[in-house]
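Q: Given next are the chains, with one letter for each unit.
2 protein chains.
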Amino acid sequence: MIESLTNLKIKYLVKLKQKKYRSLHNQFLVEGEHLVFEAKKSNMVETIFYTDDNYGIEDSFQISNQVMLKISELGNSKGVVAICNKQDFKDLSNKILMLDGIQDPGNLGTLIRSAAAFGFKTIIAENTVDFFNEKVIRSSQGAIFYVNLIEANLSEFIEKNKNYHYYGTDVLKGQNLKDVTFGHDKIVIVLGNEGNGVRDIIKSKMNTNIRISMQATESLNVGVAGGILMYEAREE
Amino acid sequence: MIESLTNLKIKYLVKLKQKKYRSLHNQFLVEGEHLVFEAKKSNMVETIFYTDDNYGIEDSFQISNQVMLKISELGNSKGVVAICNKQDFKDLSNKILMLDGIQDPGNLGTLIRSAAAFGFKTIIAENTVDFFNEKVIRSSQGAIFYVNLIEANLSEFIEKNKNYHYYGTDVLKGQNLKDVTFGHDKIVIVLGNEGNGVRDIIKSKMNTNIRISMQATESLNVGVAGGILMYEAREE
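Protein sequences, first through last, are from chains X and U. Numbers in my numbering are just positions in the first sequence, counted from 1, shifted up by 48. Numbers in my numbering are just positions in the second sequence, counted from 1, shifted up by 48.
In case anyone wonders, no lab produced these hints; they're calculated from the structure. Hints are supplied without guarantee of correctness; some may be wrong.
Given that identical chains are not distinguished, each listed pair holds provided it fits within a single copy or across any two copies.
Said to hold, decoys possible - Once the Cα atoms are required to be at most 30 Å apart in a straight line, the calculated DSSO-like pairs of lysine-lysine come out as:
no.	residue 1	residue 2
1	LYS253	LYS118
2	LYS169	LYS226
3	LYS89	LYS221
4	LYS221	LYS169
5	LYS183	LYS65
6	LYS126	LYS183
7	LYS118	LYS183
8	LYS221	LYS118
9	LYS253	LYS234
10	LYS221	LYS68
11	LYS88	LYS251
12	LYS234	LYS57
13	LYS68	LYS208
14	LYS183	LYS67
15	LYS253	LYS126
16	LYS68	LYS226
17	LYS251	LYS138
These numbers were taken from a predicted model, which means no experiment stands behind them.
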């Protein structure tokens, strides 16, 4: 049983709490039975650290409650934390969600969850909170394991992928959502920063900009707006 | 300038961080320029405590940075905190959002924000996190000041208000949303607990139960599901 925080495996695990090490090693952490189970179904688990139950994973290490308490993001002294491998880049799906500067981890996780639910299996982001931030993973409820996550320069992506129809969001000048038809095989829905929306440079590259009509002076959370747009554009 | 945490006004303010005192005194706290400004527009501000700017409110007290740091939920040493009066009960709106056991303050705040945006001006809740929890207020982005918030026994409310058409949510047995028409003047949309959904006793009282069709094994955040349903049922 590992009982020391200076154990090399534990020191490596702690490093993965930082984005720079997650990027460097192409690995990330997940915590808790439900998420580890989902990660395992997707064959993404490399190693687990557990206090009571090894979840049938070969490369597993028992750790003391004191060590768990130190590494747990949830403040747990019992449970499981897994080191997972990021998935390799896959082909682009027909429906893509593009994110321009989402800052809140809860919003990003919720958007990933909705994207998985409505068949947007590729998510492309720039200037956005890290996909593998632990709060993002938690609020995605495990959907993070079922979508293709890409960080890219959005302008360049759009220029290189002209075979998609791009739907941006513009709360002032967009076309009313109820009048929009998503009649294209390959579509991209673009959502912007919580405070500032989609950047003008990206907006100008859209085929269609959309607004969701609502009561004057009100606004929507970006996760909700994205959910409504992806629902309207979903595959059935 | 108030410089002591034992000042009676400050001690009263600190009490309002607890739900029981908010309920007892029918008052609550808001923090930050944007929210205080929104509360002031709705004539709900009673007293403000500020470090630099009194916002033109008559009943205002300057406090030291040290006191602000102690009372701020955001860890600020400069800024403004206001004591607000809860609004009196108003007539029921034609569109009502009913909440059965929402536990996450962020979800509740997001639902209040979407409700205000789509004309659901009355929200009725049971077993739900307090409307006046500071995280709820913050994630409502001020929409909390524009809706009528009621805590009630949902079963009794439904029995007493048979002139509304009740739309529940049932992810397994509900009617597909795309086949549902919201063709009634007076409607109630009912959302349930994050883990367990709407209680069976409430579901059984619905005129229609709805499911939002999505990819197998996936699910939606309740704030997103509520946003989609209220968008579909909105007034224009």
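Q: For each hint, tell me whether it holds in the structure or not.
A: Hint by hint, here is what the structure shows:
{"no.": "1", "hint": "LYS253 <-> LYS118", "in the structure": "neither (47 Å within a copy, 48 Å between copies)"}
{"no.": "2", "hint": "LYS169 <-> LYS226", "in the structure": "both (24 Å within a copy, 22 Å between copies)"}
{"no.": "3", "hint": "LYS89 <-> LYS221", "in the structure": "between (44 Å within a copy, 27 Å between copies)"}
{"no.": "4", "hint": "LYS221 <-> LYS169", "in the structure": "both (28 Å within a copy, 26 Å between copies)"}
{"no.": "5", "hint": "LYS183 <-> LYS65", "in the structure": "both (11 Å within a copy, 25 Å between copies)"}
{"no.": "6", "hint": "LYS126 <-> LYS183", "in the structure": "both (19 Å within a copy, 28 Å between copies)"}
{"no.": "7", "hint": "LYS118 <-> LYS183", "in the structure": "both (17 Å within a copy, 27 Å between copies)"}
{"no.": "8", "hint": "LYS221 <-> LYS118", "in the structure": "neither (50 Å within a copy, 43 Å between copies)"}
{"no.": "9", "hint": "LYS253 <-> LYS234", "in the structure": "within (16 Å within a copy, 42 Å between copies)"}
{"no.": "10", "hint": "LYS221 <-> LYS68", "in the structure": "neither (38 Å within a copy, 45 Å between copies)"}
{"no.": "11", "hint": "LYS88 <-> LYS251", "in the structure": "neither (39 Å within a copy, 35 Å between copies)"}
{"no.": "12", "hint": "LYS234 <-> LYS57", "in the structure": "neither (44 Å within a copy, 60 Å between copies)"}
{"no.": "13", "hint": "LYS68 <-> LYS208", "in the structure": "within (28 Å within a copy, 58 Å between copies)"}
{"no.": "14", "hint": "LYS183 <-> LYS67", "in the structure": "both (13 Å within a copy, 27 Å between copies)"}
{"no.": "15", "hint": "LYS253 <-> LYS126", "in the structure": "neither (50 Å within a copy, 41 Å between copies)"}
{"no.": "16", "hint": "LYS68 <-> LYS226", "in the structure": "neither (42 Å within a copy, 44 Å between copies)"}
{"no.": "17", "hint": "LYS251 <-> LYS138", "in the structure": "within (26 Å within a copy, 42 Å between copies)"}
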